[in-house]
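Throw the hints in and build the complete structure from the sequences for me.
So that you can map any letter, position 42 of the sequence shown is 32 in the working numbering, and since no number is skipped, the others follow by simple counting.
These aren't lab readings, by the way, just hints derived from the structure by calculation.
It is possible that some hints are incorrect.
Unchecked claim - Label pairs and their in silico Cβ distance ranges: (1) Val81 / Arg7: 36 to 44 Å; (2) Ser6 / Arg80: 14 to 22 Å; (3) Arg4 / Arg59: 57 to 65 Å.
Built from N, CA and C at the ideal position, the CB exists for glycine as well.
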Amino acid sequence: MSAITRDEVAHLARLSRLALADEELDHFAAQLDVIIGAVARVAEVAADDIPPSSHALPLTNVYRPDEVRPGLTPKEALAAAPAVEDDRFRVPRILGEEA
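As structure tokens, then:
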């Protein structure tokens, strides 16, 4: 017994605003049936005593400690800028907004 019918595929196509030919409906019904079967097999394997996980191995992020280091002064940061205005980088207006 197929898990998804041709009519259900046609309904999904309408909801998705996809124009599918009759041959495509049959083709996608078969493909979706295989996908639904694969998901059902995974659901059978999943046990309540196994916690959900996103990876097979536990992952730990390794970060370096935050250390305060000297940065650029505003003058140094703006030294190579093509245009500066009020101690800021001047960039071309792109949204047409009033200043």
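Results for each hint:
no. : hint                     : verdict
1   : Val81 / Arg7: 36 to 44 Å : 39 Å, holds
2   : Ser6 / Arg80: 14 to 22 Å : 46 Å, violated
3   : Arg4 / Arg59: 57 to 65 Å : 59 Å, holds
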